[in-house]
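Chain order of the listed sequences is A and B. For the first sequence, position 345 matches number 344 in numbering that gives the first Met the number 0, and the numbering has no gaps at all. For the second sequence, position 211 matches number 210 in numbering that gives the first Met the number 0, and the numbering has no gaps at all.
There may be inaccurate statements among the hints.
Calculated lysine-lysine pairs in the DSS-like style (CA-CA distance at most 25 Å, straight line) [to be verified]: (1) A:304 / B:103; (2) A:51 / B:103; (3) B:21 / B:102; (4) B:51 / A:101; (5) A:102 / B:312; (6) B:306 / B:316; (7) A:241 / A:332; (8) B:316 / B:305.
Hints listed in this document are in silico derivations from the structure and should not be mistaken for laboratory results.
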Amino acid sequence: MDAAQVADGSDLVSKTLRFFSFSDHSVQVVVLGVIFMGVGCGLMGGFVVTRKLSLFGDTLSHAVLPGVAVGFLWSQSKNSISIVVGAMIAGFLGVLLISLIKKSTKVGLDSALGLVLSGFYAVGICLLTRIQKLEFGNQSGIDRYLFGQITGLSAADVWSMGISCLLIALITTIFYKEILVTGFDPGFAHSIGLPVDLLQYLLWMLLAFSVITSLQVVGVILVSALLIIPAATASIITQKMKALLIWSASLGMIAGVTGSYISFLGSRLPTGPLIVLSSTLLFVTVLFLHYENGLFIQWIRLRGKDRKIALENTLKAVYQELEADNFFHDTVKLGNLAKRRRISMPEMYQESVHLVRKDFAFLLRGENQTLPSDNTLSLTPTGWSEACRIVRNHRLWELYLTNEVQYPADHVHEDAEKIEHVLGDETVRKIERILSNPRKDPHGKLIPSQQDIEQGYIDRRIAKSLP
Amino acid sequence: MSEFFPPLDFNDTFGMPWATPKDFIWNAQIVSMGILVSLSCGLIGTFIVARKLALMGDAISHGILPGLAIAFIATQSKALLPMFIGACGAGLLCSFCIEWLHKKTPLKMDAALGLTFTSFFAFGVLLITQLGNNAHIDAECLLYGEIGFTPLAESIYWGSLEIGSRPLLSIGLVTLIIILLITIFYKQLLVTSFDQTLSVSLGLPVKAIHYGLMLFLAVTIVASFESVGVILVIAMLIFPSTTASFFFTRMPAILLCSFPLSILYSFGGFFLARWLDCSIAASMVVVAMACFGIAWLIGTEDGIIKKYFFERKLSKKTAIKEGTKKASSFPEAQS
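Using the sequences and the hints given, assemble the complete structure.
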């Protein structure tokens, strides 16, 4: 097996220079071509993906095939306007048939797409295999519509791609509002007097344009990748339509240039698949590592939050243990804490290590050295105020729910368990004001006051005076 | 244009294929291959369409390409078993990726599907171009394998007895297994296809059934793509059940319709291809499309003609009813 020869060392540098200095004619053609293609497909993809019609592009790219064949048959040459016209007509018929099937039968949209996709494509293959048997049917030129051939790109092709890209950009900018409204709320668009069907068909026409011009570069199947992947990536980055379109277009462009660069480095690396794979790579990177919506980043953040909540729960447990003997001692045994938090001893030990690391408590060796549950925790001043703050949040919220929202007292605990970790200082003060600085929660327990927190301990007399 | 459609020589198109025993065996193999592929795809496709996953066939059939390429690289041969395992693995992975993207990310089903299978396909094409010309698998063969070459494939022998060509036998086996499984698990398949919530509450293993269906979709595709190409598979998943749904609404009837329809598609496609001298698989799809069109027109359930007359009758009826209502409402108003 001989793998493609990727240039190495100095050759790599010189090839890179050659590619990015943009001096070769072939490089110019290819790069301009993929840039136009990336921008055009990216823009259209943005509209299609947000309408949940991603596979429309796939269907369209297959459906234009009979048009290509008929156009070829008509002019008997492979580079002609009749192929583009034929493709447009076939694409239009395909779209018409889909909407007809959807409107007048019970067949679902997905089946309708599949029917048109495979049906039209089969007609196209029938025609092409028939053309092959005819005298003039040197099919080699037509073949590139199926698999794409970027090396066959001529300056004229790039011109037509540029024009279609410009057309797409221009029309989507002019009719941006109208297209947006018809996409997201056709009923509303209709009611304000927009020609919904007309705009819909305009959009499909533009889609067909971008599909047909890209077909000869990447082929039937990978065209839909160029439509879907950059737009899907953009939809993870942003929720705003304008930003999404810009992202989608630029991601398409970046993927195009990257793919063609990599394929330029090797001798037998196909450009189309590499463009798609760079696009996929961009998608995966964004999906996991985007600073806001990335799955990996979110997972880390969630873990941080879980840890914080566990820490706060431990602090609360320490406070409750201290409270259980009326603040007589200032240390608590790990064994008791584990029981209160309902976790195992090793987990409890891990938790206490976290507390110590955060400077919230000291870990003191117990009398019995071999028994970890005999170790004791003693809160530091910061730990104390943090524990008080959480208990305060919890009890204030319970009181607020029972007094102001009329919850029964035995239902408030669960809710307070969750809210205590996220209540801000300002909200707490507001609740205090509403309840006029209460001292007892619905279960009759002391609510630590601001003063208690500041002085660092709770007066035993007050604690005792409460039942 | 006139040379495009050769004159229809009745005898040559319909008679000649069966004239000599040799021709008969040759062509019978092609036609039965077509029947078996459309039958197995049609049966599975009925459930796939009912689950609104019609394009899953499209996705999986493209998604198996890297599996084939990797199996070839690993074994350096086109041996059946590794190819089969590779393709099924890739197909399942593809459907798993789609499901995962759909559930765990903000992407919608259609975007997840399109994204996954095009990426898989691109990866497969990249791998295959690295293999060079010594690999006799290529993207082209995946996309439109030639059903006409079925009789050319190597034969399988039982001892010294020739049983038949390999693709024909494997698709026959797959069809049998599918018929068997559908008969056994009919109820489970039906419930999970139409009412997810009910099937969960009944304690059915919904996920296992879903992936089982996907596995069998992959198996069917693998068994058929080599000789008929992806496009016929996709078409045959969707066309039989949607065509039948213009006449029947009940599942068993739609399933049974796959049998006559697949025979019709196969013979029709064969004759059409013989007449026009073009791809048989594609001709079968063209015939299927024509059948769909006719069913759409004359269907008793949802057909255009039926609907048109029925709606006219209905609107007349309601007009009469409203008229009588108006007439009868006057005395009520007076009293």
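Go through the numbered hints given earlier and state which of them the structure violates, listing their numbers in rising order.
-> 3 and 7
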